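A.B. asks: Residue numbers (UniProt numbering), protein chains in the order written: chain A, 1 to 922; chain B, 1 to 410.
Everything labelled a hint here was simulated from the structure, so no lab data went into it.
Keep in mind that this is a model prediction, so the values were computed, not measured.
Take these hints with a grain of salt, some might be off.
Claimed, not checked - Think about it this way: if two alpha-carbon atoms lie no more than 25 Å apart in a straight line, the pair counts; the simulated PhoX-like pairs of lysine-lysine are: (1) B:Lys80 - B:Lys222; (2) A:Lys358 - B:Lys222; (3) A:Lys358 - B:Lys310; (4) A:Lys304 - B:Lys80; (5) A:Lys304 - B:Lys220; (6) A:Lys357 - B:Lys338.
Claimed, not checked - Derived list of chain A stretches under chain B, where covered just means 3 residues or more per stretch with a C-beta under 8 Å from a C-beta of chain B: (7) 283-293; (8) 376-389; (9) 808-818.
Positions of the beta carbon are idealized from the N, C-alpha and C atoms, including for glycine.
Chain residues, written in single-letter form:
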Amino acid sequence: MAGLNGDPFLGIDDNIEKLQYNNNSKEVIDKEGLVVGIGEDSSNNKNNNQGGEKDMAGNSIHRSGSRPQLDLSKAEIQGNSEERDPTILLPNQTDDISHLALDIGGSLIKLVYFSRHEDQSVDDKRKKTVKERLGISNGNRRNFPILGGRLHFVKFETSKLNECLDFISSKQLHRGRIDSHHWNSEAPANENAVIKATGGGAYKFADLFKERLGVSIDKEDEMDCLVAGANFLLKAIRHEAFTHMEGHKEFVQIDHNDLFPYLLVNIGSGVSIIKVDGDGKFQRVSGTNVGGGTYWGLGRLLTKCNSFDELLELSQRGDNRTIDMLVGDIYGGMDYSKIGLSASTIASSFGKAISDKKELQDYRPEDISLSLLRMISYNIGQISYLNALRFGLKRIFFGGFFIRGHAYTMDTISFAVHFWSKGEAQAMFLRHEGFLGAVGAFMSYQKHGLDDLMVHHLVERFPMGAPYTGGKIHGPPLGDLNEKISWMEKFVLKGTEITAPVPMAPPGTTGLGGFEVPSSRGATLRSDASALNVGVLHLVPTLEVFPLLADPKMYEPNTIDLSDHKELEYWFTVLSEHLPDLVDKAVASEGGTDDAKRRGDAFARAFSAHLARLMEEPAAYGKLGLANLLELREECLREFQFLDAYRSIKQRENEASLAVLPDLLLELDHMDEETRLLTLIEGVLAANIFDWGSRACVDLYHKGTIIEIYRMSRNKMQRPWRVDDFDLFKERMLGSEGKKPRPHKRALLFVDNSGADIVLGMLPLARELLRCGTEVVLVANSLPALNDVTAMELPDIVAEAAKHCDILRRAAEAGGLLVDAMNNNTLDGSRGNSSSVPLMVVENGCGSPCIDLRQVSSELAAAAKHADLVILEGMGRALHTNFNARFKCEALKLAMVKNQRLAEKLIKGKIYDCVCRYEPAT
Amino acid sequence: MDHLAHVSNQPNSQPQSQISHLALDIGGSLIKLVYFCRYDDNCRDDDELRSQNESLGSESDNSRPVLGGKLHFAKFETSKINDCLEFIHSMKLHLGGFHDCTAPSSDKIFIKATGGGAYKFADLFKEKLGVSLDKEDEMECLVTGANFLLKAVHQEAFTYLDGQKEFAQIDPNDLYPYLLVNIGSGVSMIKVDGDGKFERVSGTSLGGGTFWGLGRLLTKCKNFDELLELSHQGNNRVIDMLVGDIYGGTDYAKIGLSATTIASSFGKAISDNKGLVDYKPEDISRSLLRMISNNIGQISYLNALRFGLKRIFFAGFFIRGHAYTMDTISVAVNFWSKGEAEAMFLRHEGFLGALGAFMSYEKQCLDGLTVNKIPQRFPISVSSAGNKIYCSMNGKSNDNESIECTVYRT
């Protein structure tokens with residue numbers, strides 16, 4: 001595994017070159033009292049560059065998050081860089097675009113555009129054979145109605161329409177590339193180009209678009225679009241909807257089969273209230289003219305604010321009691337309890353402003369803003385509830401740009417709905433609140449196939465700019481990595497300022513329209529952080545739900561929920577402390593050049609900014625689990641083109657381990673069946689200690705050779721382990737009282753780290769299963785993540801191991817893994833001639849140290865079809881995620897806990913405790 | 001409110017001995033007074049009175065002492081409570097309270113009062129006038145007052161649509177259930193099922209106080225009435241964002257929105273080019289008025305719908321018989337209900353609470369009053385008060401009209 005462990009390797013300040021298993025043996029005693037005898041040469045030092053090269057070329061990753069999502073080169077901050085959220089100029093965007101849809105409202109223009117992202121179709125032989133074996137047809141992907149790509153979300157103020165036109169023009173968004181792969185192919189390029197648009201501006205500005213861009217606007221009905229957009233988002237994005245009560249945000253997983261009917265309240269300049277009964281089935285049942293435009297319009301007149309956001313931010317420091325007439329003001333500080341009104345309930349918005357003594361200038365703009373905000377939010381909540389009641393709807397979704405993820409707005413609306421419905425109805429909000437119409441307009445393009453997209457096809461990514469801009473990147477576009485880095489360097493000066501917390505409202509100043517001051521948690525929300533980030537939506541049609549999950553709907557990958565703030569702080573600290581070493585490693589992996597150093601710095605800044613952002617607003621990117629955080633780090637590395645920071649470390653360890661493998665296999669073969677099985681499991685647990693993600697383990701590396709550490713560690717594996725189902729597993733494998741059980745048909749082994757972990761731990765176990773007649777599928781990462789072994793690297797490792805072992809060799813041949821090593825004849829004959837069951841390798845579809853089994857590669861999904869045993873190994877995949885996952889088939893979860901906190905939390909144990917959890921099929 | 005004029009114009013104010021009973025509704029913005037003045041004994045013919053009672057089918061017991069008289073209505077701004085106290089004092093209205101029946105020996109005088117101020121200003125009344133305020137529940141008073149007016153006063157309720165005022169014939173036997181919307185500083189919505197049978201089902205903080213409060217901040221108006229008057233000459237299209245503004249002048253016909261429908265109140269004020277000074281106060285007032293009236297109309301309708309109520313009565317001081325206000329509310333109710341529900345207004349709109357408080361004397365064991373149902377004959381005592389409030393309907397004052405009535409001593 002990698003990366004998942006609590007105390008990442010701070011211990012290493014040397015660069016990797018110095019790190020060797022050396023001969024100068026010493027005896028070292030670690031804190032657990034393990035005696036580590038050291039002294040063996042890890043001779044295998046041949047420089048095998050092949051793996052690395054291959055990596056570079058062959059990252060044919062399904063989850064194609066490895067490239068910059070937005071080309072940020074030549075990005076510049078436009079205008080006054082002192083202002084908050086400055087416009088970012090991205091001059092060189094060269095995405096393979098595109099389809100564009102617009103929602104031109106009274107105040108804001110929302111753009112949704114699609115950039116195609118071609119999977120580099122790598123002709124990798126492993127894949128071919130895997131496909132043959134698993135019966136995946138080559139046309140699989142092409143049969144899918146859409147190609148992979150990315151959906152981007154951008155917005156502009158309507159008053160700055162020209163900026164928007166420039167943006168479209170510079171990115172050539174209006175010239176949607178027309179080729180056979182694309183929908184809309186009936187339109188010839190550059191002629192009579194048509195853009196889908198909705199909102200009133202689609203009518204109003206149609207001529208301007210024609211004139212400036214030479215495109216026609218195809219007007220889509222606004223309500224149609226809102227509903228189509230909401231339906232799509234609620235179905236396609238897992239944690240799109242959330243509740244927000246008294247400062248507490250909670251994501252809600254919506255069951256697609258139980259989505260309708262619901263009430264959709266879109267708060268733009270005005271408010272539309274729509275009852276939605278199904279796709280395309282809806283009715284606008286109500287609305288109100290007191291909406292976002294009223295807030296901003298009145299707010300502008302009453303304060304000197306220059307922007308909606310400024311006004312919203314002011315409200316954060318306001319005290320509406322100076323201006324609203326409360327029940328207490330009328331009742332001399334008392335409640336009107338008979339009808340359930342507390343003294344702090346607003347009896348009359350702005351009711352105190354009738355006083356003769358004060359004029360407009362005597363009121364604080366902050367108070368005015370808050371009072372206005374309360375008035376309007378509360379009113380919208382009330383009218384929405386009354387309409388929900390009318391139709392017996394329990395769920396009300398609020399969207400539109402008025403909300404802007406603003407905590408008080410959402411709290412007030414939620415309160416109103418809760419109060420009036422006496423808790424019966426629930427207000428929910430949408431992360432893509434402002435983009436419903438634009439998404440809907442996008443959906444209205446024919447033949448895009450988006451309707452068929454399922455939630456597991458979508459991966460949301462947050463590019464490096466996200467923490468700074470709150471998703472508001474716009475302006476003309478970008479180019480190469482170098483420029484992107486300099487952008488980062490420039491922007492970071494702004495960054496610290498932008499992400500610095502805004503002063504909070506003093507406690508007790510905010511009697512929220514009828515409810516008391518929000519809880520302390522709510523008070524920590526920043527208003528400008530408000531903007532929940534909307535990431536770039538990656539469409540990856542090849543991703544599938546792992547078919548062996550017992551209950552995909554109930555499945556939650558994360559074992560550690562970071563909504564517990566202490567937990568969050570702990571992991572953030574861990575990751576932050578780990579960062580300098582990771583940067584060193586990454587820079588070294590790219591040769592330690594100046595360029596690599598600059599990229600390293602840029603990476604560190606980008607990732608730190610993400611961390612800071614999430615620390616402030618843990619839900620900024622949606623529901624946050626530890627797995628998401630760890631994946632974010634890998635994404636960041638890739639964004640700065642550190643494709644494989646651990647490449648040379650992995651090679652070195654693989655070689656060292658392969659060198660001692662024959663001895664180990666010999667040792668194992670001398671054991672009786674029962675001892676061997678135990679030794680194998682011990683071996684997996686022991687080898688799992690070789691983990692670059694764990695500081696505790698890294699310390700060991702300085703002090704011993706790989707086989708010594710392995711042996712020592714294995715000897716230490718005294719049963720019973722902290723979680724010990726070995727006897728159950730043994731009975732399943734070997735039977736009891738002489739009865740030999742039927743072997744498994746196919747086992748999926750989710751492997752973790754390179755080096756000893758895979759070579760001395762998992763491969764021998766795989767070998768044993770093969771010996772029993774069980775097909776073995778090694779499941780490895782698509783993309784590198786720390787020192788985890790990847791699906792690209794595995795065939796070479798297997799091939800090397802096969803040199804020393806007949807069982808592995810025959811199985812690997814049968815599985816088509818030895819095509820490079822053997823001559824081509826064997827390829828054809830392998831399946832027929834070999835008596836062995838096959839050993840195969842599939843990629844898992846992800847590039848994270850953890851795995852979310854709702855989104856795995858199609859080849860893994862295909863491989864799972866005949867599997868009756870799943871083995872998850874390592875902390876990332878067996879503990880941090882999937883510890884509580886239940887499978888339709890038997891499952892074995894093996895890991896050594898290399899983090900004290902996790903050990904306490906998960907198994908009430910100590911560091912280095914082991915988990916061997918066996919679960920029969922459910 | 002011009003109470004001094006009121007006092008001097010008050011034809012019934014001369015014989016101080018004849019003043020009797022007073023009830024108060026002390027709200028967030030206004031204090032409403034209802035007080036009863038007896039006729040001179042010879043002012044009225046007993047036969048006339050009797051025949052009137054008979055014609056009304058009154059079951060009144062002639063053996064009980066009958067007092068003819070008038071109920072008078074007056075109001076003050078709450079911020080000028082001292083003027084109000086002075087008025088009460090000068091009229092000796094406070095002496096017409098009642099004595100605590102449970103402690104007859106006590107000479108403590110109680111005055112019925114409702115509204116939040118009954119709590120807030122209790123001490124002040126004690127100090128200044130030496131009377132205690134007997135607090136009556138606000139909602140109860142509103143309902144009692146409304147029920148009384150709707151049952152007892154001829155042509156109390158009317159509809160107002162497109163400038164047409166039409167009195168509604170309310171069958172007292174078919175009055176319930178109805179929705180009572182009282183628009184004071186804030187708004188209360190009460191479902192009324194019968195005498196004393198009601199429930200506050202909703203409300204909103206966007207009420208009269210909002211209109212006046214925001215209006216004061218946005219214009220330089222000195223009082224509510226001035227602001228209201230301004231709205232006459234205003235054009236809200238200057239400042240509201242209309243459907244047509246968004247759709248480039250066309251309707252959004254598919255969902256039934258015409259180009260002139262307000263899409264967003266004050267939505268045009270988001271323009272960078274104009275500041276507060278660039279908008280005419282008239283337009284601002286108009287826009288505000290429409291926003292608030294429309295909103296109240298809508299929420300009221302939704303609540304009526306909830307309980308299947310066809311009739312909605314609007315009352316409270318926000319309305320002030322103002323044509324445009326009533327028109328907007330009516331349009332909102334009509335629009336959202338597609339003509340199913342009807343907005344109605346009350347001529348004594350502002351005094352429901354005070355009247356209800358007054359009625360509560362009846363419930364007291366001693367020295368109570370019974371106000372009998374007598375159709376108001378108007379114009380009577382038009383001069384009694386408030387004559388400078390809008391005379392928008394038929395040129396008549398519809399505010400503060402006194403009600404002729406008979407009071408029985410029990």
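A.B. asks: Work down the list of hints and note, for each, if the structure agrees.
C.D. replies: Quick rundown of the hints versus the structure:
Between Lys80 (chain B) and Lys222 (chain B) the CA atoms are separated by roughly 14 Å; this keeps the pair inside 25 Å, and the hint holds. Proposed proximity of Lys358 (chain A) and Lys222 (chain B) is supported: the alpha carbons are some 12 Å apart, at most 25 Å. With a C-alpha separation of about 42 Å, the suggested pair Lys358 (chain A) and Lys310 (chain B) falls outside the 25 Å cut-off, and the hint is violated. About 32 Å separates the Cα atoms of Lys304 (chain A) and Lys80 (chain B), which puts this hinted pair outside 25 Å; it is violated.
Our distance criterion of 25 Å between C-alpha atoms is met by Lys304 (chain A) and Lys220 (chain B), whose separation comes to about 18 Å. A threshold of 25 Å between alpha carbons decides the hint, and for Lys357 (chain A) with Lys338 (chain B) the separation of about 44 Å lies outside it, so the pair is violated. Counting residues of the stretch 283-293 of chain A whose beta carbon lies closer than 8 Å to any beta carbon of chain B gives 8, which meets the minimum of three for the stated coverage. Only residues whose beta carbon comes within less than 8 Å of a beta carbon in chain B count, and the stretch 376-389 of chain A has 7; three or more means the coverage holds.
With a threshold of 8 Å between beta carbons, the proposed coverage of the stretch 808-818 of chain A by chain B is violated, since 0 of its residues qualify and at least three are required.
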